[in-house]
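Participant: All chains should be built: construct the whole structure from the sequences, respecting the hints.
In our numbering, each residue carries its 1-based index in the sequence shown increased by 582.
Calculated from the structure, these hints are not laboratory results.
Built from N, CA and C at the ideal position, the CB exists for glycine as well.
Worth double-checking, as some hints may not be accurate.
Once the Cα atoms are required to be at most 27 Å apart in a straight line, the calculated DSS-like pairs of lysine-lysine come out as [said to hold, decoys possible]:
1. 782 - 753
2. 646 - 683
3. 782 - 728
4. 753 - 781
5. 728 - 781
Label pairs and their calculated CB-CB ranges [claimed, not checked]:
6. 619 - 692: 26 to 34 Å
7. 640 - 774: 38 to 46 Å
8. 616 - 793: 35 to 43 Å
9. 686 - 785: 34 to 42 Å
10. 676 - 766: 31 to 39 Å
11. 674 - 774: 39 to 47 Å
12. 638 - 793: 41 to 49 Å
13. 614 - 780: 39 to 47 Å
14. 647 - 682: 18 to 26 Å
15. 793 - 664: 48 to 56 Å
16. 781 - 647: 40 to 48 Å
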Amino acid sequence: MRILLIEDDTVLGAAVRDQIAGDGHSVDWVTRLDAAADSMAGAAYDLVLLDLMLPDGRGIGFLKALRSRGDVTPMIILTALDQVSDRIEGLNAGADDYLVKPFDLAELSARIGSVARRYTGNPNPIISHGALDIDLASRSIRRDGKPVQLTAREWALFEVLLSRPGQLLSKALLEEKLYAFDAEVESNTIEVHVSRLRKKLGAGVIETERGLGYRLGAP
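Facilitator: Next comes the structure, spelled out in structure tokens:
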């Protein structure tokens, strides 16, 4: 997934960025609401992590403005505001989840996965696809009952394809989902990851439309 992190605390922001990047997600990190607005105007994000107290305003207003325009990007609030009234305000404004600082980074990863699954229309973390048994919550796969080890980036790529069954996804879109704005991406990076996934999961798991992109193969 491509995630936008809006957080002005540099220590926490770096920790969150490293955590979700380690999970294989692409993350763009900004510290102000105006920069967040620019980022969202220039890229399609799968999820936003939003602090409420920022140098140029309150995140709750930013969230309300997005929802009023019909923007349904999944949103998780990360804040030190821990009163019940604050949580109610955030959820009523359109947040999908609300996490109070300080929080465990592993819990954040779990909440990101939970919100993402709800938006794909399948909250069940267990998926079967042909010979594959996939546990989205634990980020694990078995092929014919045997565990398969994927790198974080391989998992992230497979997860994007899995979330859009039957859809042809361009190389450019996959790069956008896997890498941040400032990342240097080799021209054949996606091809390399696809090749490795086919070796581990089966040749027919990912189909190629030459010159157009990739899709999840039929079970």
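Participant: Give a verdict on every hint.
Facilitator: Right, here's what the structure says about each hint:
1. 782 - 753: Between residue 782 and residue 753 the Cα gap is close to 20 Å, so the pair holds against 27 Å.
2. 646 - 683: With a Cα-Cα distance of about 21 Å, the restraint between residue 646 and residue 683 holds, given a limit of 27 Å.
3. 782 - 728: Judged against 27 Å, a Cα distance of about 11 Å means the pair holds.
4. 753 - 781: Holds: residue 753 and residue 781 sit about 19 Å apart, inside 27 Å.
5. 728 - 781: holds, 14 Å
6. 619 - 692: 26 to 34 Å: holds, 28 Å
7. 640 - 774: 38 to 46 Å: holds, 43 Å
8. 616 - 793: 35 to 43 Å: Taking Cβ atoms as reference, residue 616 and residue 793 lie about 39 Å apart, which means the hint holds.
9. 686 - 785: 34 to 42 Å: holds, 39 Å
10. 676 - 766: 31 to 39 Å: Given range 31 to 39 Å: holds, Cβ gap about 35 Å.
11. 674 - 774: 39 to 47 Å: holds, 45 Å
12. 638 - 793: 41 to 49 Å: holds, 44 Å
13. 614 - 780: 39 to 47 Å: Check passed, 42 Å falls within 39 to 47 Å.
14. 647 - 682: 18 to 26 Å: Given a distance of about 23 Å, which is inside 18 to 26 Å, the answer is holds.
15. 793 - 664: 48 to 56 Å: Distance hint for residue 793, residue 664 holds at roughly 52 Å.
16. 781 - 647: 40 to 48 Å: holds, 46 Å
Checked against the numbered hints above, the structure violates none of them.
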